[in-house]
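Trainee: Spelled out from the first residue to the last, the chains are:
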Amino acid sequence: MTSVLETKHLTKSFGAIMAVDDVSFGLKKGELLALIGPNGAGKSTCFNMLMGQITETSGEVFLEGQKINGLLPRQIWRKGVGRTFQITSTYSSMTVIENVQMALLSHHNEILRIFSYATLKYREEAMALLEMVNMADQADRHCAVLAYGDLKRIELAIALAHDPSVLLMDEPTAGMAPKERVELMQLTAKIVEDRDVSVLFTEHDMDVVFANAHRIMVLNRGRLIAEGNSEDIRNNSLVQDVYLGGGSVFANEPSAKHA
Amino acid sequence: MEFFIAQILTGLANASSLFLVACGLSLIFGVTRIVNFAHGSLYMIGAYTGYTLMQVLPGAIGFWAAIILAGLVVGIVGVLIEILVLRPVYRAPELFQLVATFGVILVIQDLALMIWGPQDLLGPRAPGLRGVVRILGEPIPKYDIALLIITPIIALALWYLMTQTRMGVLVRAATQDREMVGALGVNQAWLFTGVFALGSALAGLGGALQLPKGGADLLMDFNILAPVFVVVVIGGMGSLPGAYLAAIIISVLNVFGVTYLPQSTLVLMFVVMIVVLMIRPYGLFGREEVAGEHGQVGEPERPIKPASSVMRGIVVVLLIGFVFLPLGGSSYSLVFVTDMLIFCLFAASLHFLLGTGGLVSFGHAAYFGGGAYIAALLITYSETPMEIAFVLAPFGAGLTALAIGWVCLRLTGVYFAMLTLAFAQLVWSLVFQWGSVTGGDDGLVNIWPAEWLKPTVTYFYFVLILSVAGILLLRHVQHSPFGFALRAARDSHRQAEATGINTRQIQLIAFGFAGFMGGLAGAMFVFSKGSVFPNELEIARSFDALIVVFLGGVKTLAGGVVGAGFFKGLEETLLRFEYWRLLMGLLIIFIVIAAPEGIVGSLRKGAERIGLRRVENQ
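Chains A and B are the protein sequences, given in the same order.
With this note's numbering, letter number 35 in the first sequence gets 35, and the count goes up by one each step, no holes.
To convert, count from 1 in the second sequence and add 1000; that's this note's numbering.
Next up, chain A with everything else stripped away, as it sits in the complex:
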């Protein structure tokens, strides 16, 4: 089975620090793939490279066989990659539905129009997306007064507006209550099934990951150290060491440095 999104030897160094070190993986069609790792492992750096937010030192990213690194975030988005942010980014002066309509207007290349009313455009499509993330009843509320968990779901609706083939979610459940986390991941899993979209996400909460991910990759100090299903990862001694602080990951380093 071919990969929808693929990285080859992706590397990013900040000075002497290798934030991401020779990372190669593929996201398969219809997969819910988790990228986990302790703080500072390089998850967010990896993500930001996939979205064009930062430029890689070396390596390549392919979307359906087409090289996408070097493109700007908005160009990558146009190729069918959606994303949600670790800290939500919504348009705080707009209503919930207007946030989604904005993404739809952009998708249909209508943002330079000045003679129509934005709020009348693509209202049904936006409502359908909001229904999917269970926000339809709050469609006309002001974004700035909503709870954090609701904003996360709006972001998901925005990210799905252009019917992406790949969805990247950076810590989708960060800052949410445990119950909300489970719900959001179940929602994501359902979306993967219903909409034929492939999802790559990073996550801190292991329960969320083990319960939902089809496949898990573990990143530590910029390197992929393990990959497999929940069972494999749970039983992998290297992963246990990283998470339980059992010692050094690389033989030549003193374990004390890694607290």
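No lab work stands behind these hints: they were computed from the structure.
Please note that a few of the clues may not be correct.
The calculated lysine-lysine pairs, modelled on DSSO-like cross-linking and capped at a C-alpha distance of 30 Å, are [unchecked claim]:
| # | chain 1 | residue 1 | chain 2 | residue 2 |
| --- | --- | --- | --- | --- |
| 1 | A | Lys121 | A | Lys67 |
| 2 | B | Lys1529 | B | Lys1454 |
| 3 | A | Lys79 | A | Lys8 |
| 4 | B | Lys1305 | A | Lys121 |
| 5 | B | Lys1555 | A | Lys121 |
| 6 | B | Lys1305 | B | Lys1555 |
Add chain B to chain A, keeping to what the hints say.
Mentor: Structure of chain B alone, referenced to chain A:
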């Protein structure tokens, strides 16, 4: 060679007060994040106070004591301003403090007029330093030599204060991260006051020190403002070495400019600034402004909606009133309403940029005055029919705005604001100094409308139709997909870019569009007055528009127009008083403190409180 060195020495001496004023401004900005527009006024008070003290205190000791005392007096004035005006508005929306400091400018202008009178004061010579010394055969005033010695001493003292004392450590820490300093138990309120006092004292010192060279007059507050902004921006906001170096660069350049390119001294300064910012966007020693540092304070803006039927009704009634005005009103009232309508369109165009776009332009007069001058130049030189000149003017202004916006939009926040101001000043100095074409200070006259538009009543209807159409178009665009994209770029640049919106392109188009509308207002203005002078391009004109937008309410759709109408009416009323600036200034400060959401925002809040209007989204 000798001449060359003499020139440099003169430049270095001139750098002295520029440096003092600039580093005061820079210090205040670094800690409080307030761009203190009243800094020029503090400089002016320093000069006047120094002058008065020098009359009283005798001899050389008296002279130098007067300078130091002037600094102290201005420091105390600074404390008063900080406590009375700025403290209540630190929590107000972004950049609202600017309007407060502008109110302070007006108040100080009239107080200085009351105390010292309208005539320019010739500064006394420094006792014992009256003559010149010859250096390599070139005469250099002795006072210049004194300044050459004094400035580095003050710079060193400041350096010591900043790096070696507890106060300096706190100030530097607060410049980096004031929340952290607050969390560590430092009383921020007094730190702010202290820094404001120090910055003010430096401005006062600068004003007093330049007395023997420049004297004191009532225009010096605005005159110093542009060079000081240029110095602070070139040096980097908050950097003292940067301010020192930039003050020297600008002063030396100015001296050479006077010798070799006398027609372009003013232009030169802004060209240097623009070049520096193109290469180093945050100045020579500045650090990058972290996005969000100037983020919105206070309540987030509410979603926009089409006007309610009540509002539409009020507007229709008002318009009907205007339509029938020529039947009942005097010709004076026609002229007044014409002026007001033009100003409303100008303000609405800035409001579009500032409110919807989140792009704080300090130089919007460039497009208003630019439009007026383009029309006037076409009429004067190519005998263009009025109708064609009138149509070309907004397009010219729009193109100018596109060019300026293209450069300025590389920067954000206060640097963006400063750069737009610099470009506006560049346009002003071009017009002001290129007298052979633009008429310089004498302006361009005899710019009358075509025959069919000549009667006051006809022109009134012409302006009424165009202004109302322009304002409605601006308002409509805010409801259109383009307006939404512009707001999206303002609300979350990151999300907008991540969903396919080219934010810079959107903002550039908005900049050009606002410039076009400003130019339209300018074209209507020039044909209603029959003439245009460089003051239509001045900083003060840009500030008028800024104040109006802030007073009306940035976060409301009608803010610009309502503020403009209110301001014009107020000006009309207050101009009858001798000290109208004082009243205006006090009123502005009062509104800023009492109604930080602007007129429209406060009315809306009030209506909600007493139950006339439904509270949304609760």
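Trainee: The structure should be examined with respect to each hint, and the outcome stated for every one.
Mentor: Outcome of the hint check:
| no. | hint | verdict |
| --- | --- | --- |
| 1 | A:Lys121 to A:Lys67 | violated (33 Å) |
| 2 | B:Lys1529 to B:Lys1454 | holds (11 Å) |
| 3 | A:Lys79 to A:Lys8 | holds (19 Å) |
| 4 | B:Lys1305 to A:Lys121 | holds (15 Å) |
| 5 | B:Lys1555 to A:Lys121 | holds (24 Å) |
| 6 | B:Lys1305 to B:Lys1555 | holds (13 Å) |
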